[in-house]
Amino acid sequence: MARYIIQRLGYMLMTLFLIASFSFFLMKLLPGSPLKMEEKLSDAQLEILYEKYGLNDPVPIQYLRYIGNLLQGDLGVSFQLSNQPVTDILLSRIPVSAHLGLQALIVGTIIGMLLGIVAAIRNNSWMDYSANIISVVGISIPSFIFAGLLQYYVGVKLGLLPIAFWGTFPQTIMPTIALAIFPLAISARFMRTELIEVMGSDYIVTARAKGVTKAAILFKHGLRNALIPLVTVLGPMAVSLMTGTLVIEQIFSIPGIGEQFVTSVMTDDFSIIMGTTLFFAFFFILVILIIDILYGIIDPRIRLAGGKE
Amino acid sequence: MENILEVNDLHISFDTYGGEVKAVRGVSFNLKKGETLAIVGESGSGKSVTTRAIARLIPNPPGRIKEGEILFEGKDLTKLKEKQMQQIRGKEISTIFQDPMTSLNPTMKIGTQIMEGLIKHQKMSRSEAKSRTVELLDLVGLPNAKERVDQYPHQFSGGQRQRVVIAIALACNPKILIADEPTTALDVTIQAQILELMKDIQKKTESSIIFITHDLGVVANVADRVAVMYAGKIVEIGTVDEIFYNPKHPYTWGLIGSMPTLDNTEESLVAIPGSPPDMLNPPKGDAFAPRNEYALEIDFEMDPPMFQVSDTHYAATWLLHENAPKIEPPASVKRRMKGMASGMIANSDQGGEQS
Numbered sequence: 001m002a003r004y005i006i007q008r009l010g011y012m013l014m015t016l017f018l019i020a021s022f023s024f025f026l027m028k029l030l031p032g033s034p035l036k037m038e039e040k041l042s043d044a045q046l047e048i049l050y051e052k053y054g055l056n057d058p059v060p061i062q063y064l065r066y067i068g069n070l071l072q073g074d075l076g077v078s079f080q081l082s083n084q085p086v087t088d089i090l091l092s093r094i095p096v097s098a099h100l101g102l103q104a105l106i107v108g109t110i111i112g113m114l115l116g117i118v119a120a121i122r123n124n125s126w127m128d129y130s131a132n133i134i135s136v137v138g139i140s141i142p143s144f145i146f147a148g149l150l151q152y153y154v155g156v157k158l159g160l161l162p163i164a165f166w167g168t169f170p171q172t173i174m175p176t177i178a179l180a181i182f183p184l185a186i187s188a189r190f191m192r193t194e195l196i197e198v199m200g201s202d203y204i205v206t207a208r209a210k211g212v213t214k215a216a217i218l219f220k221h222g223l224r225n226a227l228i229p230l231v232t233v234l235g236p237m238a239v240s241l242m243t244g245t246l247v248i249e250q251i252f253s254i255p256g257i258g259e260q261f262v263t264s265v266m267t268d269d270f271s272i273i274m275g276t277t278l279f280f281a282f283f284f285i286l287v288i289l290i291i292d293i294l295y296g297i298i299d300p301r302i303r304l305a306g307g308k309e
Numbered sequence: 001m002e003n004i005l006e007v008n009d010l011h012i013s014f015d016t017y018g019g020e021v022k023a024v025r026g027v028s029f030n031l032k033k034g035e036t037l038a039i040v041g042e043s044g045s046g047k048s049v050t051t052r053a054i055a056r057l058i059p060n061p062p063g064r065i066k067e068g069e070i071l072f073e074g075k076d077l078t079k080l081k082e083k084q085m086q087q088i089r090g091k092e093i094s095t096i097f098q099d100p101m102t103s104l105n106p107t108m109k110i111g112t113q114i115m116e117g118l119i120k121h122q123k124m125s126r127s128e129a130k131s132r133t134v135e136l137l138d139l140v141g142l143p144n145a146k147e148r149v150d151q152y153p154h155q156f157s158g159g160q161r162q163r164v165v166i167a168i169a170l171a172c173n174p175k176i177l178i179a180d181e182p183t184t185a186l187d188v189t190i191q192a193q194i195l196e197l198m199k200d201i202q203k204k205t206e207s208s209i210i211f212i213t214h215d216l217g218v219v220a221n222v223a224d225r226v227a228v229m230y231a232g233k234i235v236e237i238g239t240v241d242e243i244f245y246n247p248k249h250p251y252t253w254g255l256i257g258s259m260p261t262l263d264n265t266e267e268s269l270v271a272i273p274g275s276p277p278d279m280l281n282p283p284k285g286d287a288f289a290p291r292n293e294y295a296l297e298i299d300f301e302m303d304p305p306m307f308q309v310s311d312t313h314y315a316a317t318w319l320l321h322e323n324a325p326k327i328e329p330p331a332s333v334k335r336r337m338k339g340m341a342s343g344m345i346a347n348s349d350q351g352g353e354q355s
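Chains as they are written, first to last, in the UniProt record's numbering: chain A, 1 to 309; chain B, 1 to 355.
One or more hints might be untrue.
Computed cross-link-like contacts, DSS-like style, restricted to lysine-lysine with a CA-CA straight-line distance of at most 27 Å [stated by the list, open to error]:
(1) B:Lys91 x A:Lys214
(2) A:Lys220 x B:Lys130
(3) B:Lys203 x B:Lys32
Treat the hints as calculated values from the structure; they're not laboratory data.
When you get a sec, could you build the whole thing from the sequences and use the hints?
This is the structure we're talking about:
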């Protein structure tokens, strides 16, 4: 198992290197420059700045310098935000997004799974139909609509919760709900479908034939077998939630990584774009690794190759 | 010998979108202590449904026991609540299922799957249950039981898994063991071993077995008595000898006639013409009549009652009525009956040596 994880980490570094290189050249292909926006600067001043940031060097030299810095953990400095190091910016933004994302993910999947379980064991009852309606609504209506509705009704009309900004717990509630709807809907659907299938399988009849109680059948035999497909979709969803959601962070004025990303793209601040892209990639690969390990824990049939028990 | 189980006029229906499927239509039989009753019949004849009803394992909805009673030691199981039934399932009445590849939980260690019943019914501690589990695995002939309790089903072969399934069923020394085609999914050599194992275990534990199969060879090998089912009814019931040497129902003739035997090369197999009736609308009269070349006019009008042939032998066919013409089973079936019965005995001996 340890050997497997080390091997996977090695692949991970290679993937990151490829992504860094690829996105570097893509950025270079983009028209415009982060300094062009400053219309007050004269050509001579621009020239000085280009020279300072090394933007006049041939692209391969810039590339090698970038990779060299990257290996030392230096992601460069922002062009827009008064030379702040990209690492500092990311470190101040990521925890906010991760906090919001994790909160939404936990709330969403737990409620979603419960909903799915209820729908599965009360198959074709009104509870099943209501859960189904909730899932369809949650999947098909985008989160910013919920965000807007929540802000208007709960925030403005009822005045129950603050409608924007970040810092206190009440401020986290509405964005969490708006974000949680999608994972909730997805988990409810997957849980229901999979659990119905599992509860109809032969080994559940075997368990019943043993005289095991209904609750024990559901929790000891049913759930674990129904989890695999859910884990598969939850991984990428966790990444997209925790790496900042562009829209929700904008709507609620939350200083997360998503909001920063959007601003940086608008202003061509490519060191931040690159840094954020790399972070997203890193996080994504890490989550996939975690999911692969989780598979093995849930289902012994897919214990990882080379793993000894 | 006393009856441990009595099934009286059992009716089971499934409510589907198409209407009510009458899967079992008035089945009655009894099971004595320590005996093996085989239930044979083609797919859809209601044999599995009948036995699942005994363990009350039919999902409701859509299935329901419409009428009839299932008396286990005098107690009517159809009247019990789910909670009370959980005390009987696995403890008094156990089931061995057909497909060992799907009837074990793939994400649970097999030891845990066997221990579950012991902990629930025998109130054993985990360590007691574990040592009993090792004993059980030894009993069903699984080598290295100590290490294997901590393995998962995918680490076992089909035959080994069926041994595990049998160990689960035997865990609490049940009084009735229902074996629902326990060897159908296995290859022939393993089949013989599993049959030997079950006979062995029955000798040791003195439990009664209901053995469902569509393989008459298996019947001759394991059973004391045979019930032949067709379209949700028992059409003939008797001892193995009576069913094999003196079958009375044309359907039983057909079953025997369609059995391949080794020493019978010049004759082609006789298939029963037609297909089983639609149980949404069971036909009037004898359900087998449309496929029965010996059908009498009354067969299309009235369902035949059970006619008594001997103390233990009954058959539901109008041919046994005193006014019916005397009809003998076709010559080919007669030859086959004899040939098969002797061939069968040879077969079972071989099976014994192999295991």
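Exercise for the section: For the pair we were handed, B:Lys203 and B:Lys32, check the Cα-Cα distance against 27 Å. Expected result: Roughly 14 Å separates the two Cα atoms, so the pair holds.
Exercise for the section: Verify the proposed pairing of B:Lys91 with A:Lys214, using a straight-line Cα cut of 27 Å. Expected result: Answer holds: B:Lys91 to A:Lys214 is near 16 Å, not above 27 Å.
Practice task
Decide if the proposed pair is consistent with the structure: A:Lys220 and B:Lys130, CA atoms, cutoff 27 Å inclusive.
Solution key: Holds: A:Lys220 and B:Lys130 sit about 18 Å apart, inside 27 Å.
When the structure is compared with the earlier hints, no violation turns up for any of them.
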